[in-house]
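These protein sequence lines map, in sequence, to chains Z and C. Following the working numbering, the numbering of the first sequence begins with 1 at its first residue and continues without gaps. Following the working numbering, the numbering of the second sequence begins with 1 at its first residue and continues without gaps.
Think of the hints as simulated: they come from the structure by calculation, not from any bench. Being a predicted model, the structure only gives us computed values, none of them experimental. One or more of the hints may lead you astray.
[What the hints assert, rightly or not] Below, computed lysine-lysine pairings styled on DSS-like, alpha-carbon distance capped at 30 Å:
#: 1; chain 1: Z; residue 1: K160; chain 2: C; residue 2: K170
#: 2; chain 1: C; residue 1: K322; chain 2: C; residue 2: K392
#: 3; chain 1: C; residue 1: K392; chain 2: C; residue 2: K376
#: 4; chain 1: Z; residue 1: K530; chain 2: Z; residue 2: K109
#: 5; chain 1: C; residue 1: K392; chain 2: Z; residue 2: K160
#: 6; chain 1: Z; residue 1: K160; chain 2: Z; residue 2: K109
#: 7; chain 1: Z; residue 1: K568; chain 2: C; residue 2: K23
#: 8; chain 1: Z; residue 1: K109; chain 2: C; residue 2: K23
#: 9; chain 1: Z; residue 1: K109; chain 2: Z; residue 2: K375
#: 10; chain 1: Z; residue 1: K530; chain 2: Z; residue 2: K375
#: 11; chain 1: C; residue 1: K170; chain 2: C; residue 2: K322
#: 12; chain 1: C; residue 1: K376; chain 2: Z; residue 2: K160
#: 13; chain 1: C; residue 1: K26; chain 2: C; residue 2: K392
#: 14; chain 1: C; residue 1: K110; chain 2: C; residue 2: K23
#: 15; chain 1: C; residue 1: K322; chain 2: Z; residue 2: K568
#: 16; chain 1: Z; residue 1: K568; chain 2: Z; residue 2: K160
#: 17; chain 1: Z; residue 1: K443; chain 2: Z; residue 2: K374
#: 18; chain 1: Z; residue 1: K374; chain 2: Z; residue 2: K537
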Amino acid sequence: MVEYAWLAPVLPLVGYVFLLALGRRAAEGLVAGVSVILTFLSFLVSLAVFTALGAHPDVTGTYTMRWLTLGAHSIDVGFQVTHLNALMLVVVSAVSTLVFLFSKGYMHKDERFPVFYQYLNLFVFSMMALVVSPNLLQLYIFWEMVGLCSYLLIGFWYFKPEAALAAKKSFIVTRLGDVGLFIGIILLFLSSGSFDYSTVFQAATTGHLGLSWITPADLTTLTGILVFVGAAGKSAQFPLHVWLPDAMEGPTPVSALIHAATMVAAGVYLVARMYPLFVASGTALTVVAWVGGITALLGALIALTQRDIKRVIAYSTISQLGYMMMGLGVGAYAYGMFHLFTHAFFKALLFLAAGSVIHAVDTQDLFEMGGLGKKMRITQWTFLFGALSLSGVFPWAGFWSKDSIINATLQSGHMTLFWIAEIAAFCTAFYIFRVYFLTFHGKPRDESKMAHAHEGSWVMTVPLIILAVMAFIAGLFNTGLNNFGLQRYLMADSPTGLIGKVYPDNVPLMIISVTVALVGIGLAALMYWKPVISAEKLARNLSGLYRLSFNKFYLDEIYYGVVVWTGKLIAGIVDFFDRYILDLIVRMLGRLGYMGGVGLKYTQTGQVQTYSVIAFFGIMILLAIAMFHVGGVF
Amino acid sequence: MGLAFWFTVIPLIAALLILILPKLDKAVYRTIALSGGILTLVLVLAGWFAFDGRTNVVQLAGRIPWFTLPGLWHGHNLVVGLSFGVDGLSLPLATMTAVVGLLALLAVPKDRDRGKENYFWLSLALTGLMAVFTSQDLFTFLVALELVLFAVFFLVYLFGETGHQQAAVKFLIYRGFSTVAFMVALVGLAWAAAGGYAAGNANVSNAVFTLNIPTLTATLHQAVSQWLSPAAASALFLVLLLGVFIEEAFVPFHTWLPTTHEHADTSTNMLIGGVVTKTGAYVLLRFGVGMLPGEVRHWGVMLAVFGVINILYGAFAAWSSKDWRRLIAYSGISHMGLVLLGVAALNSAGLQGAMFMLISSGLLTALLFFLTGAMKDRTTTLTIRSLGGLSKSMPMLSGFLMVAALGSLGLPLTSGFISEIQAFIGGFATYPAISFVGALGVVLSAVYMLYAMERTTFGPTAEGFLQLADARPFEYLPAVVLTGLVLLVGVYPDVIGHLFGLSAQALLRIGG
Chain Z
1 MVEYAWLAPV LPLVGYVFLL ALGRRAAEGL VAGVSVILTF LSFLVSLAVF TALGAHPDVT
61 GTYTMRWLTL GAHSIDVGFQ VTHLNALMLV VVSAVSTLVF LFSKGYMHKD ERFPVFYQYL
121 NLFVFSMMAL VVSPNLLQLY IFWEMVGLCS YLLIGFWYFK PEAALAAKKS FIVTRLGDVG
181 LFIGIILLFL SSGSFDYSTV FQAATTGHLG LSWITPADLT TLTGILVFVG AAGKSAQFPL
241 HVWLPDAMEG PTPVSALIHA ATMVAAGVYL VARMYPLFVA SGTALTVVAW VGGITALLGA
301 LIALTQRDIK RVIAYSTISQ LGYMMMGLGV GAYAYGMFHL FTHAFFKALL FLAAGSVIHA
361 VDTQDLFEMG GLGKKMRITQ WTFLFGALSL SGVFPWAGFW SKDSIINATL QSGHMTLFWI
421 AEIAAFCTAF YIFRVYFLTF HGKPRDESKM AHAHEGSWVM TVPLIILAVM AFIAGLFNTG
481 LNNFGLQRYL MADSPTGLIG KVYPDNVPLM IISVTVALVG IGLAALMYWK PVISAEKLAR
541 NLSGLYRLSF NKFYLDEIYY GVVVWTGKLI AGIVDFFDRY ILDLIVRMLG RLGYMGGVGL
601 KYTQTGQVQT YSVIAFFGIM ILLAIAMFHV GGVF
Chain C
1 MGLAFWFTVI PLIAALLILI LPKLDKAVYR TIALSGGILT LVLVLAGWFA FDGRTNVVQL
61 AGRIPWFTLP GLWHGHNLVV GLSFGVDGLS LPLATMTAVV GLLALLAVPK DRDRGKENYF
121 WLSLALTGLM AVFTSQDLFT FLVALELVLF AVFFLVYLFG ETGHQQAAVK FLIYRGFSTV
181 AFMVALVGLA WAAAGGYAAG NANVSNAVFT LNIPTLTATL HQAVSQWLSP AAASALFLVL
241 LLGVFIEEAF VPFHTWLPTT HEHADTSTNM LIGGVVTKTG AYVLLRFGVG MLPGEVRHWG
301 VMLAVFGVIN ILYGAFAAWS SKDWRRLIAY SGISHMGLVL LGVAALNSAG LQGAMFMLIS
361 SGLLTALLFF LTGAMKDRTT TLTIRSLGGL SKSMPMLSGF LMVAALGSLG LPLTSGFISE
421 IQAFIGGFAT YPAISFVGAL GVVLSAVYML YAMERTTFGP TAEGFLQLAD ARPFEYLPAV
481 VLTGLVLLVG VYPDVIGHLF GLSAQALLRI GG
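This is chain Z alone, in the form it adopts within the complex:
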């Protein structure tokens, strides 16, 4: 089965080409139908590969062909199947299928409906091709391709200026990270002689990663950090996270698929894929852990006060990606990936449920909603499942995965990070239930918007229900119930046990974590459900902190003031230099030439033929002079 894994990315590519051929006027049903079926087939292939690998852990393989020759090196393209990317294939195709179905309802009657599905198919193809890449160059190629799809989809409603700006911002900020990855890949290629993972790891783990201007140990750390810079850009880690909240300008299914479940997880996947390199450099791993921890806390703190439902969930995504990075950083390879797995489901669920709400009430402002639970039962209940999972309440999926990360952080001796993780967990439970109560409970704050609110058709509710089930049970794939199947599966990539550690369950910690979550939920309930505590008063009393959180720690302003402004200043200086100083010099030289030209102007007859003849004889004369000079005549 493994040798057919290429079908998984190719099926959506077929969908893309087919939709491209159908054109911009194709019928909605046909477009969505073909897309859903192909992605679903892709999911079946992925599942088959996944199970085949589970049954025979040693059948992982690489299949390549030559792409380009570079001096003595041959660069290949192809695909490779490992336990890690088999899991990714399943996650990507599963969530994609559901989002494709949901979009049929959400994007109904959009003028560019077929184009939307074209982009989505291209995205799924790129994402899966990224995952199965056998080498770093191919990974980088599709890494940029998913970035492109993200750009196109954020800017899908191109006529909205905010969407256009957000699309541009997302591309440029992630590109800032990509340059790090770009340089990192080049240095790895130069020092190991190959883009192939296995060759690079071989060189890194045996200390043979060498360049003349740097020691092998430093080079390992440098390349590790450069790769992580790329991962941080794509996975919206501090300080490159600023693009993700703005990306919410895109249609909500896009937020669910790309900016929550799959593409933003590519950074986490990259760190996991390059894990031997990170392990070889302890420093790089520590950087990953700390950046992850800071991001987890920062995202959660900002999410506390946002008014836009999608932005809260976006900051939540940033925070959860931080958890995953932190897990990888403290050595818990399998747990980081486990959290990626569960998060994909419950975060896609939260976004789609939010999409269902936005579709119904046509606003994203939490303070214009309220009381929707009565009209949208399915959305309410599925959102609740997502929220419980995100908060880490037993036995929802998020509980298992988040708790394993927190447990690993504690047991590996990272005390500060452990406290950061617990504080962030408290905030997480609070902000998501703030959204839940504000949206579904209480009285409608804007009657006119509530009046026509109703549940979407089955294409929207079925994906919600399936995802809610997954948000509930996905954690069980890695519990005592199946003898921790997922982590055993993932660790099979490295029989020597070199990559990452696993830790035994820690029941007291579990109780603490659940308590933290419940306190957060309780506080949210007291403020927004049965308002015992006044949120306004609290915000006034803590106005400094409130403003810091509400204004996202002013990071956008700092970026604009420092990075963008510096760039514009330099561009302005270059422009001035180019127009005035350089041109002035040229004009001065020209003036000198003009004086000579005055004397020669009588030679200008305006006859093209004359010019050609003169030019031609000019060469001849020069040539003749040169040659006679050579011959020693002069």
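With chain Z's structure known, arrange chain C on it following the hints.
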């Protein structure tokens, strides 16, 4: 007579036909010019089948002797003539020239007032450009450069937009200087290879004066020191380099390029941006690396630093450009800076990347000029601020423009990326610190390109732009062909990579 001869002179034949045929309908001249262009392209493509891709030696050669200078050098005769042929470096460049040339001919408006002259000069320029890449001796090469110089001058002078006459003169003066510099340096090299600077050296006493480029390359490459003192070699190299800098519009000799592009018409811009601005880099590869590799190594740090200066200067200047055509001009300068870095690295990845970049930048620049030209026909302006929301009324043109912009910023699976990464691999291998700084260009290219896109195709559509027509059928051809080639090179780089690889190896092998 080899194919290289024919595909070089056929546009000339077309040009002469246009010249001698008396007052006819414009359509006739157009037909002649286009037939010439199509025949050239067909022959170039036939050349790909006839070319033996396993070796880098000059093939498909053709030569006509013209006159003889008897007993010129120690009793040997010098036969001066026109000599053409292609190797692994020339063939892809000649192909790009044929493609861009034909599309530039197509882009001439059918109702142009002085159609006869336009097609004449354009065909002549096409022959000149083909000859630059296919000429196998210095005489042919220098004649070709002159031909390009005058033909393009008249194209800008006669068919540009307001201010075009000054722009044309600026073009003529700058490029005239570079041609003189090439002449001095190349004749100097020929003289050196004949033992001109090494009189009395027993090894070289029986040297023959020749203008044949492969012979000169072989002679000088093997042991420059035998023929030239270090000081003389440096002097010749620097003169050559000065010519390259002016010809290629490298900072600080670049101001002619944005001015020219701003005032020339679409068809001329395609030719200038696509091919005319690639000849300087070709000179650097063919004569600089080919004949004076030791000097390239010696001045490597300087070349690399100038490469990075060009990458960044071009990018910042593009960012501050208020007009699409100036932006494209500066982005071209930025791309060519990467060529300089790749050449400076003097390794297979760097040279191969530089060669790829010539093709990539040529295709993308021509595409960008074509598309923005098509938009200007409708919007009457290319000032970035006054555009916006064009996706609404022209989704297809906007889509192609998006692909071109993405190629230009080096998105993978376009030719831009594969060129960029090879040049940077080369750069990082030899000059890591300088290349680190240069990598900033990767971000900047995204900044200025996406800024321009955001203001052009995104956003609300202005009232006046709502009723504009999208691409017409005849406009699809250039857009589809150029986009297709950009993607072909990006998706399957080996299509030109195997030829460039051979050429790069040949240039490096002899250099030692």
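Tested hints:
| no. | hint | result |
| --- | --- | --- |
| 1 | K160(Z) - K170(C) | violated, 42 Å |
| 2 | K322(C) - K392(C) | holds, 22 Å |
| 3 | K392(C) - K376(C) | holds, 16 Å |
| 4 | K530(Z) - K109(Z) | violated, 40 Å |
| 5 | K392(C) - K160(Z) | holds, 12 Å |
| 6 | K160(Z) - K109(Z) | holds, 18 Å |
| 7 | K568(Z) - K23(C) | violated, 54 Å |
| 8 | K109(Z) - K23(C) | violated, 58 Å |
| 9 | K109(Z) - K375(Z) | holds, 23 Å |
| 10 | K530(Z) - K375(Z) | holds, 20 Å |
| 11 | K170(C) - K322(C) | holds, 21 Å |
| 12 | K376(C) - K160(Z) | holds, 23 Å |
| 13 | K26(C) - K392(C) | violated, 35 Å |
| 14 | K110(C) - K23(C) | holds, 16 Å |
| 15 | K322(C) - K568(Z) | holds, 13 Å |
| 16 | K568(Z) - K160(Z) | holds, 24 Å |
| 17 | K443(Z) - K374(Z) | holds, 10 Å |
| 18 | K374(Z) - K537(Z) | holds, 29 Å |
In summary, the numbered hints that this structure violates are 1, 4, 7, 8, 13.
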